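Undergrad: Those sequence lines, one after another, are chains P and R. Heads up: the first sequence begins at 1 in the numbering used here, then just goes up one per residue. Heads up: the second sequence begins at 1 in the numbering used here, then just goes up one per residue.
Hints are computed from structural coordinates only; laboratory data are not their basis. Please note that the accuracy of each hint is not assured.
[Unchecked claim] Simulated restraints, written as ranges between beta carbons of each label pair:
id : chain 1 : residue 1 : chain 2 : residue 2 : range
1  : R       : A182      : P       : P56       : 24 to 30 Å
2  : R       : P32       : P       : A137      : 29 to 35 Å
3  : R       : V36       : P       : R107      : 35 to 41 Å
4  : P       : Q188      : R       : S220      : 51 to 57 Å
5  : P       : I198      : R       : I120      : 52 to 58 Å
6  : P       : S111      : R       : F15       : 55 to 61 Å
7  : R       : S114      : P       : A137      : 34 to 40 Å
8  : P       : S111      : R       : D79       : 54 to 60 Å
9  : R       : L117      : P       : P56       : 20 to 26 Å
[As the list claims (entries may be wrong)] Facing chain R, from chain P, some residues (calculated, C-beta under 7 Å):
id : residue
10 : S79
11 : M83
12 : F91
13 : H93
14 : F135
Values in this document were obtained by computation on a predicted structure and should not be read as measured data. Cβ atoms here follow ideal geometry from the backbone N, Cα and C, with glycine treated the same way.
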Amino acid sequence: MAKHKIIMNNVSAQIADKAILNNISLRVDDQEHIGIIGPSGSGKSSLIRTINGLLPISSGTIEIDSQTITASQPSADCSKIGMVFQDYALFPHLTVLENLTLSPTLRNENSTRDIKDRAFSLLDKVKMNGFGNRFPASLSGGQQQRIAIARCLMTEPEILLLDEPTSALDPEMIHEVKSVLEGLMQSQLSIIIVSHDISFIKTTTNRVIFMDEGKKLSDQATDLFFTQPENERQISFIQQLDH
Amino acid sequence: MFDLLSALDFLSFGFYPDIDKWRLVLAIVIIPMHAVLTVFCVKNRYRLSYCLVLTLGLQMLTLWLSIGDGAILRSVKLDELSGLCLNLLLAYWSIPLATILAAGICFILINASSKSLAYILGLFFDLIRSLPLVTLLFFNTLILPMLFNPKLIITRLEAAWITLIFFLCAYTIQIFLGAYEAISYHQHESAKALGISGWKKYRHIDLPQMLKHSLPALISTYIGMIKDTTLVMIIGLADSLGNLQLLISRNAYKHYYIEFFFILGFLFWLTCTLCGWWGKQLERTSNYGKT
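So here's chain P without its partners, still in its complex pose (with noise of 0.2 Å):
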């Protein structure tokens, strides 16, 4: 049997007074690849914030390796784990390398050269050789998304958090950021992937987890979730999308 990479016990999350998450409970396996979709404002990209501890949960508990985020008890390490935001936030005033080499340098982690080394391995996987003394000013969205990708990985996280990394972009960058998230999905990590992209999720996913008004409505395997949906609310969606 998989190990659970992540274990959610009734989970829920506000924000001022306003409940955003109520009573998740959620596993990811190693290795697994889960697609949340939902309509917007249905509690989506709150659920994995909760993952990495950027939302505080005010009930449940998050279980994530051996560490247990509570309410009263904030995530105190998210170096597992690595996240790519819709509007990429790569910092403005750092080149590209520095962008990819501040956070592993800023934690001693490796000599200097060791961390330039994967930096530029990383920038070589998400097709940005040549890029890295340029500014993120100067590059394109789709650009700036996969050195998004390549800055989240330097430390080497277990769980890769995306969300919706290519609903800010044109048709022709989403596909130069999908052939690279395609290549992500090949390796080892956890990945939880929120997006509106239905074929994406669909090719590149093993669970897809259904939500609405800050609940979880259905969690089932990819395959099943469009040709087997288990409640009405599942249904009219996915008819939406037909059309």
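Since chain P is already given, all that's left is putting chain R on it; use the hints.
TA: Just chain R, lined up with the frame of chain P:
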């Protein structure tokens, strides 16, 4: 007929001994050199710590040149430093130190785990910001030594210097806090997701962007500070305006007071315009990656 050159000499240097004037000239020349070096540092993206060492080093050098004494330099009385040089040097001695102090205080205000420390600091600088500069100058020169230690002799120049630093710092803190708000909320999240927090986040992510965002407002505050240095006349320091009044009280010059006011106005206009132009250069060179 009056001697224009000696009048200008008096406006610029006041009673500073003739034999030591080269020291003041050298100190004044260092100011634009420092400005150029700063643009150079920004352009080549040198570390902030190098800029800090350069700034503090040049500040010490100008201080030593203009009022220092010792084995090499002859001792100069503090009161002998006057004229336009006093205005320029006071502005130069307060602007970088106030900016460094403000950057440090902003770190405490943004990251302080103890809310009371942030509250007390906020209250203190709010008080400074809400009082007129003239009141603060009087308070620091006359009342502060009386309150704490009558034997403590703060020269008027030192009192003016400290007042200007704190006064400018109070404004700069607000500018920096505004610039901090301008950093996108996603930047903070991505820093947190990458495990960068506290001083390291402030030093490597917040501060460089805050300096960039705050440049236009900072420069206009600096220009205000250059002009505010004329207020030190109130506590009896003979700055350029004080020297001008002395000058036109003499018979030989008293019919030309409008001309002298224009000359002094022109010199201030020139200084402030150069400062504004320097700010534009800094903005241009710090636009990394944007054409």
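Undergrad: List, from low to high, the hint numbers that the structure doesn't satisfy.
TA: none
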